[in-house]
Amino acid sequence: MKVLSIHPEYGMEILNDTKTEEYRTWTTKYRGDLLICNSAKKTHGAVASHALCVAKITGIEEQYDGEQKYYAWVIAPFEEGGSYWIEPLKVKGQLKLFNVDDRLIKPAPFTNPFSKAGEQWYQEKIAPLIY
Numbered sequence: 001m002k003v004l005s006i007h008p009e010y011g012m013e014i015l016n017d018t019k020t021e022e023y024r025t026w027t028t029k030y031r032g033d034l035l036i037c038n039s040a041k042k043t044h045g046a047v048a049s050h051a052l053c054v055a056k057i058t059g060i061e062e063q064y065d066g067e068q069k070y071y072a073w074v075i076a077p078f079e080e081g082g083s084y085w086i087e088p089l090k091v092k093g094q095l096k097l098f099n100v101d102d103r104l105i106k107p108a109p110f111t112n113p114f115s116k117a118g119e120q121w122y123q124e125k126i127a128p129l130i131y
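Note that the sequence shown ends on residue 131 in full-length UniProt numbering; no numbers are left out.
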């Protein structure tokens with residue numbers, strides 16, 4: 001699966017479905033499932049050096065801030081057929097897109113991460129990794 005490394009605080013926002021776009025200065029033709037890997041930077045309230053979710057990239061929109069061009073990578077919501085949580089996976093980040101063996105990625109055992117089962121799973125699997 002394709003992987004994108006991002007700052008841990010942004011990875012947590014994607015995981016919690018509060019960040020629905022990821023901004024980059026570059027674009028890609030790739031669309032579909034993208035493993036989100038939090039970089040190694042130890043950030044209060046975030047998990048470092050792990051992938052916690054798969055974000056489904058549904059499109060990339062070219063945008064401008066004054067004369068500065070950037071790209072908004074649109075992330076599908078966390079629901080059946082969209083983005084989803086995974087078992088925390090230790091990943092060493094890299095620049096640009098890179099690959100991780102699909103066999104290492106284990107989806108969480110629910111489709112709604114904000115259900116009671118999702119909340120309990122978060123407390124057991126993700127909360128212990130937070131700085």
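One or more of the hints may lead you astray.
[Unchecked claim] Below, in silico cross-link-like pairs of lysine-lysine (PhoX-like), each with a Cα-Cα straight-line distance of 20 Å or less:
no., residue 1, residue 2
1, LYS41, LYS106
2, LYS90, LYS125
3, LYS42, LYS2
4, LYS116, LYS41
5, LYS42, LYS116
[Stated by the list, open to error] Cβ pair distances, simulated, as ranges:
no., residue 1, residue 2, range
6, GLN94, GLU124, 17 to 23 Å
7, GLN120, LYS29, 36 to 42 Å
8, ASP101, TYR23, 14 to 20 Å
9, TYR64, GLU119, 21 to 27 Å
10, GLY59, PRO128, 32 to 38 Å
11, ALA117, VAL74, 25 to 31 Å
No wet-lab data here; the hints were simulated from the structure. No experiment lies behind these values; they were computed from the predicted model shown. Glycine included, C-beta positions come from ideal geometry on N, C-alpha and C.
Status of the hints after comparison with the structure:
1. LYS41 to LYS106: Distance of about 24 Å is beyond 20 Å: violated.
2. LYS90 to LYS125: Judged against 20 Å, a Cα distance of about 13 Å means the pair holds.
3. LYS42 to LYS2: violated (23 Å)
4. LYS116 to LYS41: Given pair LYS116, LYS41 is violated - Cα atoms ~30 Å apart, limit 20 Å.
5. LYS42 to LYS116: Judged against 20 Å, a Cα distance of about 28 Å means the pair is violated.
6. GLN94 to GLU124: 17 to 23 Å: Since the Cβ atoms of GLN94 and GLU124 sit about 29 Å apart, the hinted range of 17 to 23 Å is violated.
7. GLN120 to LYS29: 36 to 42 Å: Holds, at about 39 Å.
8. ASP101 to TYR23: 14 to 20 Å: About 28 Å separates the Cβ atoms of ASP101 and TYR23, which means 14 to 20 Å is violated.
9. TYR64 to GLU119: 21 to 27 Å: Taking Cβ atoms as reference, TYR64 and GLU119 lie about 39 Å apart, which means the hint is violated.
10. GLY59 to PRO128: 32 to 38 Å: holds (35 Å)
11. ALA117 to VAL74: 25 to 31 Å: holds (27 Å)
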